[in-house]
Structures are given as C-alpha cells and as structure tokens.
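Taken in sequence, the protein lines are chains A and B. Be aware that the first sequence starts at 0, since it is given in numbering that gives the first Met the number 0, and climbs by one per residue. Be aware that the second sequence starts at 0, since it is given in numbering that gives the first Met the number 0, and climbs by one per residue.
Check each hint, because a few of them may be wrong.
When chains are identical, the list treats them as one kind, so a pair holds in a single copy or across two.
Said to hold, decoys possible - List of simulated lysine to aspartate or glutamate pairs, EDC-like, C-alpha gap at most 20 Å:
| # | residue 1 | residue 2 |
| --- | --- | --- |
| 1 | Lys-107 | Asp-136 |
| 2 | Lys-165 | Glu-33 |
| 3 | Lys-103 | Asp-154 |
| 4 | Lys-65 | Glu-145 |
| 5 | Lys-39 | Glu-161 |
| 6 | Lys-165 | Glu-134 |
| 7 | Lys-99 | Asp-115 |
Rather than coming from a laboratory, the hints here were simulated on the basis of the structure.
Number of protein chains: 2
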Amino acid sequence: MQEIPKPTIRRLAVYYRCLERLEQKNVEKVSSKELSKMLKIKDSQVRKDLSYFGTFGRRGVGYNVKELKEKIKEILGLNKQWSVIILGAGNIGKAIARYKQIEKDNFKVVAVFDVDKRKIGTQITPELTVRSLDELDEFVKKNKPEIAVLAVPADAANPLAERLEKLGIKGIICFAPVTLTCSIPVEYVDITVFFKTLVHFISRGIQ
Amino acid sequence: MQEIPKPTIRRLAVYYRCLERLEQKNVEKVSSKELSKMLKIKDSQVRKDLSYFGTFGRRGVGYNVKELKEKIKEILGLNKQWSVIILGAGNIGKAIARYKQIEKDNFKVVAVFDVDKRKIGTQITPELTVRSLDELDEFVKKNKPEIAVLAVPADAANPLAERLEKLGIKGIICFAPVTLTCSIPVEYVDITVFFKTLVHFISRGIQ
C-alpha cells in the first residue's frame with residue numbers, strides 16, 4: 000500500500016471516532032456526504048481519504064459502517080494493545096493517566112514517572128503510583144512499553160526523548176512546548192499552540 | 000493583508016514559541032535555516048510562511064528575533080489579554096485551569112463550570128472555584144469572556160457549543176471527541192486522535 004500522508008491519517012482517526020459512534024447507534028450504512036456533513040470535511044476530501052485503501056463505497060449506497068471502521072482500525076494500528084508510560088506527574092500527566100477514553104482505544108498506561116520527591120509514591124489511579132525517574136531505564140527494559148507521553152517542562156523534554164529512544168521506545172506524544180530532536184515518530188500536543196491559533200481566527204473573524 | 004491558511008497560522012504559533020526562547024537566551028538574529036533546523040520544518044516552508052507578512056529576513060543576516068516575534072504576536076492576536084471559561088471540571092478541565100503556560104501567553108481563565116454537584120464549590124486554584132453550569136448564562140453576559148474550553152463528554156459538547164455561541168462566546172477549544180456544529184471558530188484537541196495517528200506511524204515505521 001502507498002504511504003498515506005499525515006493529515007489523511009489524522010482525519011482517518013476522526014472518521015474512526017465517528018464510525019464508532021454510528022455503530023453504537025446501530026447505523027449500518029453511511030455515505031461520504033453524510034460523513035462530510037457530520038465532520039465538516041469536504042465531501043471530495045472524504046472520498047479521497049477513503050480511496051487510499053480501495054473503494055468500499057458504492058454510489059447511492061455508501062459505506063458499510065462496521066466494515067469501514069474495521070479497515071481504518073487496522074490501518075491505524077489499533078488491532079493490538081499499546082503500552083504507554085507517562086513522564087511527568089503534573090496536571091497534564093495526571094489527566095492523561097486518568098483519561099478513560101484512551102484505554103477504550105486500546106492504550107494502556109502502565110507507569111507514571113516524575114523527579115519530584117513529593118510526587119513519587121503518590122497514587123494517581125488505583126493501579127498507578129508515581130515512580131521515580133531513576134527507575135525508568137530498568138522499567139522500560141523489563142516491560143518494553145512502546146509509547147511515552149512527555150508531560151515535562153520544555154527544558155527536560157529533549158534529553159528525555161533521546162534517552163527514551165535509546166531505551167527502545169517506539170513513539171512519543173509530546174505535550175512539552177518544544178520540537179524534539181529524536182528520530183522516532185512524535186505527535187505534538189502543545190496546548191498553547193491551539194489557543195494561539197484560535198485567537199488569530201477570532202481576531203480575523205474567520206472560521 | 001491576505002488571508003493566511005490555518006496550517007501556516009499553526010506554524011506561526013510554533014515559530015513564536017521558538018522566538019520567545021531565543022529572546023530569553025539573548026539571541027538577536029536567526030536565519031530561516033536555523034529556524035528550519037530547530038523546528039524540523041523545511042527551510043523553504045519557513046521562508047514561505049514568513050513571507051506572508053513581508054520580508055524582514057535579509058540574505059546572510061536573517062531575521063531580527065525580537066522584531067519577528069512582535070510581528071507574529073500581532074498577527075496571532077496575542078497583544079491583548081483573552082478571557083477564558085472552562086466547561087467541565089474533570090481531569091482535562093482542571094489541568095487546563097492549572098496550566099501556567101497559558102496565562103503567560105495572555106490567556107486568563109476566569110471561571111470553571113460543571114454539572115456535578117460533588118464538584119461544584121470545590122477549589123481548583125486559589126482563584127478558581129467550580130461553579131454550577133446554571134450560572135453560565137448570567138456569568139457570560141456579565142463578564143463577557145471570549146473563549147470557552149469544552150472539556151465535557153462527547154454528548155454534552157454540541158448543545159453547550161450552541162448555547163455558548165448564542166451567549167456571544169467568540170471561539171472554542173474543544174477537547175471533547177466530536178465535531179461541533181456551531182459557526183464560531185473551533186480548535187479541536189482530541190487527545191485520542193494524536194495517539195491513533197502516532198501508532199499508525201509506529202506500525203508503519205514512518206516518522
């Protein structure tokens with residue numbers, strides 16, 4: 000299969016979310032036009048995105064919800080459980096550790112680390128107690144988690160990312176407001192960037 | 000000035016973050032090449048993005064850090080303070096209310112609302128006590144906040160967004176995993192989408 004561009008992958012994750020909800024509501028068929036309307040994505044874009052993995056859609060009939068959902072699930076790589084560690088037990092780190100939706104999507108948070116002695120040993124969820132960052136290497140070597148969430152201050156992020164890469168972590172979700180220099184895949188969730196983007200469009204009166 | 004596309008605006012917010020850090024380190028000049036390297040954005044893209052508001056950069060000299068930062072600040076709309084309310088005092092809502100970086104960027108969280116009686120009246124920060132959602136309309140009419148953060152379950156998001164639009168809210172940051180139907184600007188921060196996008200690239204071995 001050809002390489003799918005990142006904006007398309009991001010939209011596939013959004014289609015997936017929508018198809019899950021349709022399935023819960025026992026909807027069997029959906030057209031690209033309906034998806035387009037629900038997700039505010041152009042109809043032509045929806046059709047193009049879905050064309051990356053062959054055409055399920057039939058003119059006038061639409062896509063089979065369950066089939067399309069399963070196909071996207073496979074393409075996104077959600078058919079297995081992913082093991083996640085969180086670095087930083089501050090507000091964001093704790094929120095992610097407690098975020099139930101992630102677990103529903105087959106991501107399992109297995110450990111939370113921090114350097115702050117006041118946080119180490121505290122309980123975040125019934126299953127998760129904050130560990131010292133000193134235990135990181137041993138934990139990763141033994142448990143082989145695949146994903147690390149970086150919820151640490153900007154200055155701490157890059158050294159940690161390089162350490163994680165060396166330890167064999169496969170990908171990073173970065174909440175720290177920096178660009179990482181490591182060479183594994185990274186998804187950036189700099190919340191301040193969303194606020195700043197929003198106010199530009201508010202100021203300009205553009206949606 | 001011409002309309003700037005959304006991906007460019009998002010990158011401007013990232014350049015801005017980088018320029019702030021350079022200014023703190025007393026760096027006076029920066030070239031597009033250096034920005035490109037630090038932010039892992041193609042040099043040609045950096046130059047194209049910055050060309051939207053005239054050329055400050057001089058070949059071989061680069062951009063004046065402070066000047067460029069101020070210009071981007073103005074374009075993004077960060078020269079004024081923005082008043083923010085948070086709907087939903089769950090993990091995400093609380094994390095945003097306590098997130099200091101947002102305040103540094105001139106966003107001021109003025110109220111947090113929830114429907115859960117166990118949460119109403121609890122203290123989130125020394126200045127913020129969770130209010131009942133019943134107080135929303137009166138609060139917004141009186142205090143005229145501009146931005147609302149939706150950190151509520153998916154099913155609650157759309158009715159709230161429409162209510163907020165009617166009340167005169169100018170823009171929404173939506174953490175709920177849905178697409179909103181309101182017509183004011185919205186920035187979506189669906190954390191599960193970032194996880195799903197990441198694992199696709201891990202699975203495929205593509206950065």
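A quick look at each hint next to the structure:
1. Proximity of Lys-107 and Asp-136 under a CA criterion of 20 Å is satisfied intra-copy only: 19 Å inside one chain copy versus 39 Å between copies.
2. In this assembly of identical chains, Lys-165 and Glu-33 lie within 20 Å of each other by CA distance neither inside one copy nor across copies; the values are 45 Å within and 26 Å between.
3. In this assembly of identical chains, Lys-103 and Asp-154 lie within 20 Å of each other by CA distance solely across copies; the values are 17 Å between and 32 Å within a copy.
4. Taking CA atoms no more than 20 Å apart as the test, Lys-65 paired with Glu-145 passes in neither setting, with 28 Å inside one copy and 40 Å between copies.
5. For the identical chains of this complex, Lys-39 and Glu-161 are inter-copy neighbours only, at 16 Å across copies versus 38 Å inside a copy, given an alpha-carbon limit of 20 Å.
6. In this assembly of identical chains, the alpha carbons of Lys-165 and Glu-134 lie at most 20 Å apart only when taken from the same copy (15 Å versus 51 Å across copies).
7. For the homomeric pair Lys-99 and Asp-115, the shortest alpha-carbon distance between copies (18 Å) is at most 20 Å, but the shortest distance inside one copy (25 Å) is not.
Hint violations for this structure: numbers 2, 4, all remaining hints satisfied.
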